[in-house]
Amino acid sequence: MNALRRPFPVGPRGRLLLVFAVVGAISFSVLGLSLSGLLPATGAAGQFGDFFGAALHPAVDYQADWVPVGAPPFLQTVVRAMLETLLLAAAAMSLALWMAIPLALWTSESLWARQVRGANGRESRHAAGRVILPVLRVFIAGMRSVHELLWAVVLLAAFGDHEFLAVLAIAIPFSGTLAKVFSEMLDEAPTDSTSALAEAGLSPILCFVFGRLPRALPDMTAYSFYRFECAVRSSAVMGFFGFPTIGYYLKLSYENLHYREVWTWLYALIALVLVFEAWSARLRSRWIAR
Amino acid sequence: MSRLREIKRLRRAAPRSRFMHFSRYALVALVVAAWANPSRWPFQLLHGQRAENLRRFLDRELTPYPLRDGDWGAGDLFSWFADLFATRGARATLATLAISALAILLAAACAWTLAPFAARNLSTRRPVESLNSAPESRAWRLLRGGVFAIFIALRALPEYILAYLLIALLGPGTAWPAVLALAIHNTGILGRLSAESVENLEPGPLQALRYSGARRSDLIVAGVWPLSIGRWLTYFFYRFETCVRESTALGMLGIASLGYWISDAQANHYYDEVFFFVGLSGLIVVAADFASARARRSLRESD
Chain R
1 MNALRRPFPV
11 GPRGRLLLVF
21 AVVGAISFSV
31 LGLSLSGLLP
41 ATGAAGQFGD
51 FFGAALHPAV
61 DYQADWVPVG
71 APPFLQTVVR
81 AMLETLLLAA
91 AAMSLALWMA
101 IPLALWTSES
111 LWARQVRGAN
121 GRESRHAAGR
131 VILPVLRVFI
141 AGMRSVHELL
151 WAVVLLAAFG
161 DHEFLAVLAI
171 AIPFSGTLAK
181 VFSEMLDEAP
191 TDSTSALAEA
201 GLSPILCFVF
211 GRLPRALPDM
221 TAYSFYRFEC
231 AVRSSAVMGF
241 FGFPTIGYYL
251 KLSYENLHYR
261 EVWTWLYALI
271 ALVLVFEAWS
281 ARLRSRWIAR
Chain E
291 MSRLREIKRL
301 RRAAPRSRFM
311 HFSRYALVAL
321 VVAAWANPSR
331 WPFQLLHGQR
341 AENLRRFLDR
351 ELTPYPLRDG
361 DWGAGDLFSW
371 FADLFATRGA
381 RATLATLAIS
391 ALAILLAAAC
401 AWTLAPFAAR
411 NLSTRRPVES
421 LNSAPESRAW
431 RLLRGGVFAI
441 FIALRALPEY
451 ILAYLLIALL
461 GPGTAWPAVL
471 ALAIHNTGIL
481 GRLSAESVEN
491 LEPGPLQALR
501 YSGARRSDLI
511 VAGVWPLSIG
521 RWLTYFFYRF
531 ETCVRESTAL
541 GMLGIASLGY
551 WISDAQANHY
561 YDEVFFFVGL
571 SGLIVVAADF
581 ASARARRSLR
591 ESD
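Protein sequences appear in the order of chains R and E. For the first sequence, our numbering gives the first residue as 1, with consecutive numbering after it. For the second sequence, our numbering gives the first residue as 291, with consecutive numbering after it.
Keep in mind that the hints were calculated from the coordinates and are not lab data. Treat each hint with caution, since some may be false.
[As the list claims (entries may be wrong)] Computed footprint of chain E on chain R; a stretch qualifies when at least three of its residues, placed anywhere within it, have a C-beta under 8 Å from a C-beta of chain E: (1) 102 to 113; (2) 234 to 241.
[What the hints assert, rightly or not] Just some of the chain E residues that point at chain R, by a computed CB distance under 8 Å: (3) Phe-309; (4) Pro-448; (5) Ile-552.
Heads up, the beta-carbon is just placed ideally off N, CA and C, and yes, glycines get one too.
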């Protein structure tokens with residue numbers, strides 16, 4: 001019966017698929033794409049073959065004919081760059097966490113919530129919270145909605161070259177994201193211990209610190225590890241701006257058409273990310289399981 | 291006093307994992323080593339020439355062009371904004387959104403097709419049948435492991451590097467490198483999340499289909515897709531939002547998104563324009579963020 005009354009027999013899922021198809025077609029035409037654009041560029045067909053052929057035998061030594069005297073062995077450079085990538089990510093993450101934790105505490109609803117004792121027992125918000133919360137939320141949205149590479153452009157223009165700027169460029173958007181997710185985790189943490197402490201007569205702040213925070217902590221730690229993994233990728237990309245991480249060397253090798261070196265850098269980055277991912281997955285499974 | 295001693299004793303007796311112990315030291319060592327390098331310290335940032343540069347940057351270069359020479363009106367400023375937006379901003383904003391929409395659609399199509407083959411409950415000889423004693427065939431385990439490994443490998447490389455490599459191979463002047471780079475990375479992420487959600491599906495409905503004679507393809511089309519589409523769409527919108535953010539930056543490689551105009555203005559040292567376009571990119575990311583949060587909330591409520 002119902003199907004007969006519909007103008008055409010398409011359910012909500014079918015409608016969604018239609019919307020997706022239309023959006024895809026519009027995007028395709030807005031970008032002026034053509035399927036022939038997926039073929040290698042004219043004259044680059046040989047390059048295409050060279051590039052993928054090199055995947056099977058990545059370089060273990062410099063591909064250049066001439067290497068400056070005293071240059072370290074190639075593989076040593078690779079290890080050095082992997083370490084730099086990891087260290088930049090570690091510096092950025094430690095700074096990001098340091099900024100994110102106070103922001104997350106201040107922007108969580110539960111810190112400002114006050115139980116109104118009375119007939120209806122509704123929750124209201126602390127007066128200061130009514131001002132601080134929205135302001136800080138806008139601030140956090142600003143931090144995380146600008147991409148780390150765009151932060152790098154702005155910071156490098158303002159200060160000139162400095163390694164701390166790479167740390168800061170990653171740390172700003174990452175701490176914005178961490179703060180947002182942390183505050184949501186704090187608000188969604190189980191409330192059993194909080195209400196038990198409140199029943200025992202503890203002040204709201206103490207309830208928050210000893211009741212809510214410990215319940216959210218495993219999730220927060222697990223999420224920080226996931227973001228650390230993303231920071232490793234971002235720190236590799238920072239090399240494109242001249243910082244000595246994997247991206248820097250990768251760009252150099254690619255511009256010199258040393259494809260076998262490029263594949264060594266790609267494999268180095270993949271290895272770094274995968275090892276880190278395995279480590280963090282194992283840690284996360286421990287925290288979440290508890 | 292004895293209670294304190296008891297707590298200490300309990301703490302000593304608590305089971306310890308060597309892995310957690312190692313992880314803790316490794317993390318501390320990483321952070322210490324990261325900050326042990328004095329060239330990473332921020333203390334020189336505001337000294338000497340740098341302070342001078344910063345002052346010039348803030349006082350002069352960041353000021354919108356029509357405001358620099360004293361006599362100005364709000365009208366000049368507005369027409370400067372309107373002009374920047376009309377000539378470049380609007381078009382680049384549209385391109386940024388189109389790149390991310392097309393990329394996430396491609397990624398979702400690949401991921402949703404492949405995901406059932408990476409799920410442990412479906413990619414076996416006898417899908418969703420609760421026969422633990424049934425021997426696992428090696429071919430299915432290989433297929434499952436292979437698809438899962440592809441997902442992991444696709445997301446290991448960052449989008450920016452993928453796009454950089456693709457530009458030289460596909461030639462400049464097309465948005466394909468950005469679309470493909472985003473699609474590849476997100477296929478990995480969506481595929482893995484979707485496969486995990488298939489594994490967590492309630493076995494009941496699927497088993498009912500199976501025992502009434504559904505083949506594997508019937509199971510996927512009539513069972514797995516309809517049951518998991520809600521959860522998959524949540525992931526879809528969450529990744530769309532990060533795609534928009536990422537595609538603003540991909541433009542710096544010479545693809546016509548907002549990033550293109552940022553790097554163009556930077557090359558000309560027009561920092562007021564850099565600031566305008568960075569602000570615009572922030573705004574559209576916030577808008578996409580808001581839209582995706584709305585979509586996810588309505589999905590959650592319709593569950």
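Looking at the structure, which of the earlier hints fail to hold?
1
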